[in-house]
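Just so we're aligned, residue 1 is where the sequence shown starts under full-length UniProt numbering, counting upward by one.
Please keep in mind that the hints were generated in silico from the structure rather than gathered at the bench. Bear in mind the structure is a predicted one, so any value in this text is a computation, not a measurement. Every residue, glycine too, gets a C-beta built ideally from N, C-alpha and C. Be aware that one or more of the hints could be misleading.
What the hints assert, rightly or not - Listed next, with one range per pair, are the computed distances between beta-carbon atoms:
#, residue 1, residue 2, range
1, 116, 167, 37 to 45 Å
2, 505, 580, 25 to 33 Å
3, 541, 107, 44 to 52 Å
What the hints assert, rightly or not - Using 20 Å as the maximum straight-line C-alpha spacing, the simulated EDC-like pairs for lysine to aspartate or glutamate come out as follows:
#, residue 1, residue 2
4, 552, 562
5, 308, 275
6, 418, 579
7, 552, 565
8, 514, 504
9, 418, 275
10, 481, 238
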Amino acid sequence: MSSAEETDDKTPGIAEVAAALRANPAVGRRLQPAVLLAGWVGSGRKVTSTGVPKPADAAGAARACGLGVPPGKITRAARIPGLVEAWDLALATGLVELAADQALPGPNRGAWPDGPDEQVVEVWLAAFARAIGLEVGEEAELIAGDGGLLTLSVLELLGAGPRSLTDLRAELDDALRGDLGPTIALIRMSVQGDPERVAVGHLVDWGLAECEGGLASLSAPGVFARRELGLEPVRQLDPALDAAGLLAALAAESELGPEAAESWLAARPARAAAEQLLAAAAGTDPLSRVMAIGLAQSLGPEAAPAWKRAARLPGVGPHARMYLYQVDSGAQPSPGDSGWIAADLGAAVATLADRGIPREQFDALIDDVFADLGGQERADLASAIRASGHPGAATALGLLAAEGDPAGAPAKPGYQLKVTLLGLRPPVWRRITVPADTSLAALHHVIQAAMGWEDYHMHVFNAGRASYGLPDRELGHRDAKKVPLSRVLGGVGDRIGYTYDLGDCWEHEILLEKTVATVGRPACVDGRRHCPPEDCGGVWAYQDLVQALTDKDDERHEELTEWMEEAHGLTDFDPEFFDPAEADARLARLRL
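Turn these sequences into a full structure, and let the hints steer you where they fit.
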């Protein structure tokens, strides 16, 4: 038996999945309207401000994809049953894409059914996800409506083997006694028919399952989708391994993440687990050391004594001292500690790159380390890396040059935007420059950094009658990651709205002041006045807060001054203060 629990890899390959999908007439029927709409779009069609066919074109679009057109004047696309759903499917699959006021051929046009296997599977999986209301949120979590949750639940259950509809019903009933109980109860009330039959029907229609004689089982595409959607249980490494064996297994198998160590960690008290991990990290390679540090950090304050002991160990000592400084009021680490940590990261990343692992799979490591070290001047950190004597120093220096360095960002056509917080006089505003292809999801982070918000709350962009943010079918929010700024700001003078914190309701206006020839990273070039503190109650409450803070005779002055210090660490709040250099430094640390 190997160091990791062995499991047979029964997940079908792309070629097998694509062949099964092409041969399934039900899948073809489901995709046909979107494919026909892509043909109707041709080289381009004008669309409304909400990104659907114009009323004058709606009937033609419907006929092109085989939908019936009701009698009378068509005043909007939604009046034709099925058209908006088919259009959404064409967009979700990349058969069609939007640019400003036009629908254009998408990157996957022509992929179904005769394109490369990878594109066939990509189109199908995106279509299935869209059909059940499934989205991937900003933190990579799955977001599904009631029907989607039901379908995913049955897909997960079928992963354990064929099930009769009676068994599926019983297993869904079991969920009523668990965390999903209220949700399953609501689904039962809202779904037409037996929930298990409805869910299996969705899976069969999209080629993920087969159902014969009341017995449902996954097809090859269903097994594949279950893995791609993260519904397979995480394979756990053997809890009997020692710490060195655990780290070796994690480092040897690139597909394993920290979740594979959950059983190992649970089998030990937090302090003992941390002591074993950190001791092993002292004498191992940089990749294993970075993994050990991450696992030990997850053990929380109970592991603090282990970190204090590790501060005296070679290799791992700099990491331990940095951890104690950040979470346990320890002494500030030396520049040498920072240099060693960054060099450790460089060596770890180089190891992953040598194995052909895509850059995005280790972006989190880069983010974590450079966020931790961001308080140092870049030149000082570079000097510390060079002086560390670490074999990964050269790679770390290359990463440092690329992360947030204006010179390292490719120049692109850009926009100069003025972002104004509405309702305050005198106004709070920022002038920023960003690449024109910046997504609205990335622009959210830019605005947060430039304004000085702390990104605690939900947000939404409003452009015309369309809303963009974390995708949510019930709220009508489209996925902000899929919308470039150039699509909603087509010319100088155009405006869109941005609301942050749907409780306090901070409304911003984003104005396209001018286009600029080239922009590297986002930058803040000007602005006025301090951003309000989080959770102060909105525009009127903030004005009241400023009055109390600036008037020492106000009966609330002392109470609110203490609140500002305790809640926000602001001991001398000046509503008129704004330093563009500070805002730009925050933008320089963003990784978009």
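The hints, checked one at a time:
no.	hint	result
1	116 x 167: 37 to 45 Å	holds, 38 Å
2	505 x 580: 25 to 33 Å	holds, 26 Å
3	541 x 107: 44 to 52 Å	holds, 47 Å
4	552 x 562	holds, 13 Å
5	308 x 275	holds, 10 Å
6	418 x 579	holds, 16 Å
7	552 x 565	holds, 16 Å
8	514 x 504	violated, 31 Å
9	418 x 275	violated, 52 Å
10	481 x 238	violated, 39 Å
Consistency note: the structure conflicts with the earlier hints numbered 8, 9 and 10.
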